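> The residues making up each chain are set out below.
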Amino acid sequence: MRRETTRRDLLLAAGGLGLATVVTVRPSEATPASMQEAIRKVIGEAQVTPGKVKLDIPPLVENGNTVACAVNVDSPMTAQSYVKAIHVFNEKNPQPNVISAWLGPRAGRASISTRIRLADTQKVIAIAELSDGTFWSDSADVIITLGACLEDPV
Amino acid sequence: MARALINVPAKAKRGDVIAIRTLISHIMETGFRHSTTGAVIPRDIITTMVVTYNDTEIFKAELHPAIAANPFVTFHTVATESGTIAFRWTGDNGFDVSEQAKITVE
Amino acid sequence: MTRLGAVLLVLAAAASAVAAEIPLAERRSSYDLLSPETKAMQDDDLSNPGSLWVLEGETAWERKTGEANKSCADCHGDAKETMKGVAARYPAFDAKRSTPVDLEGRINICHTEQQKAPAFPFENRELLALSAFVARQSRGLPIESNDARLKPFIDKGRALFEVREGQLNLSCSQCHDDNFGHKLAGIPMPQAHPTGYPVYRLEWQTLGSLQRRLRNCMIGMRAEPYAYGAPEYVALETFLMWRARGMKMESPGVRP
Numbered sequence: 001m002r003r004e005t006t007r008r009d010l011l012l013a014a015g016g017l018g019l020a021t022v023v024t025v026r027p028s029e030a031t032p033a034s035m036q037e038a039i040r041k042v043i044g045e046a047q048v049t050p051g052k053v054k055l056d057i058p059p060l061v062e063n064g065n066t067v068a069c070a071v072n073v074d075s076p077m078t079a080q081s082y083v084k085a086i087h088v089f090n091e092k093n094p095q096p097n098v099i100s101a102w103l104g105p106r107a108g109r110a111s112i113s114t115r116i117r118l119a120d121t122q123k124v125i126a127i128a129e130l131s132d133g134t135f136w137s138d139s140a141d142v143i144i145t146l147g148a149c150l151e152d153p154v
Numbered sequence: 001m002a003r004a005l006i007n008v009p010a011k012a013k014r015g016d017v018i019a020i021r022t023l024i025s026h027i028m029e030t031g032f033r034h035s036t037t038g039a040v041i042p043r044d045i046i047t048t049m050v051v052t053y054n055d056t057e058i059f060k061a062e063l064h065p066a067i068a069a070n071p072f073v074t075f076h077t078v079a080t081e082s083g084t085i086a087f088r089w090t091g092d093n094g095f096d097v098s099e100q101a102k103i104t105v106e
Numbered sequence: 001m002t003r004l005g006a007v008l009l010v011l012a013a014a015a016s017a018v019a020a021e022i023p024l025a026e027r028r029s030s031y032d033l034l035s036p037e038t039k040a041m042q043d044d045d046l047s048n049p050g051s052l053w054v055l056e057g058e059t060a061w062e063r064k065t066g067e068a069n070k071s072c073a074d075c076h077g078d079a080k081e082t083m084k085g086v087a088a089r090y091p092a093f094d095a096k097r098s099t100p101v102d103l104e105g106r107i108n109i110c111h112t113e114q115q116k117a118p119a120f121p122f123e124n125r126e127l128l129a130l131s132a133f134v135a136r137q138s139r140g141l142p143i144e145s146n147d148a149r150l151k152p153f154i155d156k157g158r159a160l161f162e163v164r165e166g167q168l169n170l171s172c173s174q175c176h177d178d179n180f181g182h183k184l185a186g187i188p189m190p191q192a193h194p195t196g197y198p199v200y201r202l203e204w205q206t207l208g209s210l211q212r213r214l215r216n217c218m219i220g221m222r223a224e225p226y227a228y229g230a231p232e233y234v235a236l237e238t239f240l241m242w243r244a245r246g247m248k249m250e251s252p253g254v255r256p
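Residue numbers (the numbering used here), protein chains in the order written: chain A, 1 to 154; chain B, 1 to 106; chain C, 1 to 256.
Honestly, the hints are just simulated from the structure, not real lab data. Since we're looking at a predicted model, the values are computed, not measured. There may be inaccurate statements among the hints.
Claimed, not checked - Short, incomplete list of chain C residues facing chain A, as computed with Cβ under 8 Å:
| hint | residue |
| --- | --- |
| 1 | 35 |
| 2 | 121 |
| 3 | 203 |
Idealized CB from N, CA, C, for every residue including glycine.
Isolated chain A (complex conformation) (with noise of 0.2 Å):
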């Protein structure tokens, strides 16, 4: 199954370019605006803060395919104080969603994991919702790059 030709195609197939890599960019739909966006349509007007979410992604990735991505949130899981749901988003995918969570006192912890698609290098942005109606957030930057070897369609 293929991939869209990027330019990075273009120029290897030309033999141009051997060896040498290039970050790809590939032509992509999503921009900062369409995240914010995108973070609009599901937490509303609501105000965000920096803080209590803990986003773990490596800075520095092997394959954007599979990138481990974990966000903890700070806070007790009581019935009077806890996480109600996570939202993932990213900047640079051809869509700013990527996960969203929802937890409750019954977690015992905010602390979720998964395995994300990162089509180019960029911020990812973790947004936490509590219990008392608040949102805090936490971003990380990663850059992807690639192996050197490319392959075709099999």
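Given the coordinates of chain A, work out where chains B and C should sit on it, guided by the hints.
Quick look at chains B and C alone, frame taken from chain A:
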């Protein structure tokens, strides 16, 4: 043919916070890739994951194409009582897979 | 030939001379070059995506199939016992065919000749699942290559490893023997030992065979890959396993 691997501790003490890890096979086709003819390969992803503990929902996640193939999702829950933790993944093209694990809480 | 021509010829020959074998104590798996997150992905069966194929393979092992309506288990019993160490010494010499056969090839021979079912196509999911399941039974065991009948094929594989090819006019050996540990376009160059096959490659987002990986290498060097199933791949695999002998199997591995 979807296989799911779930890791739920077989035993826990009442009140312990336990970690649950899940891995399910799924291509998670984004809908943004093109075939060699230039046609878009249609989206085919898991969209929702719901977990219940003795029929009470304890975790729900909405997945998007940015989730890597063969989705790996981990979360936590309080071991409240013995019983069944049930997992259900649903998505495009009628994808609907369920798994269960038993837990003994003392 | 002119004197200059002769000198250039000698230099060119010297440049692509037989690369020295990496001594056992210095053989390193590509695992060592992985980021901590990718290592963690491989180490734990629960988080290793290859486990999904191992599970499917375990089911396929028990399934009766083909006109003979037999399962792998019917002849081979409990794979945990009977398949232990098998993948660590494959490709293995097939006396009937007088050539080595790799693991996927062997599974396909059983599938067609014993189970009397149509052959699995290359990179077929069930074939890879069975290969992953069988290879998993060798995890932790040292790679072995001590069958004298394999020697001509090891030599053939070595020649293929050392020949320059493709638009970039590179040989495998120039990177993986002469320059391992150095960086190519920011990525550390591995010694290229097949310790983790079939492998879950992040680039593929799926599990694939050593043959698929070798095709990737050839395409990456802008060389035309051999046809699927070509004897050149088996020769290369036989040589690579010989070159890696003594190293521990990691299958199913995870690689970027």
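> All hints, please: hold or fail.
Checked hints:
1. Given hint, residue 35 of chain C at the interface with chain A, holds; its Cβ is 6 Å from that chain's nearest Cβ, closer than 8 Å.
2. A cut of 8 Å between beta carbons decides the hint on residue 121 of chain C: the least distance to chain A is about 11 Å, and the hint is violated.
3. The restraint placing residue 203 of chain C at the interface with chain A holds, with a minimum CB-CB distance near 6 Å, inside the 8 Å limit.
In this structure, the one hint that does not hold is number 2.
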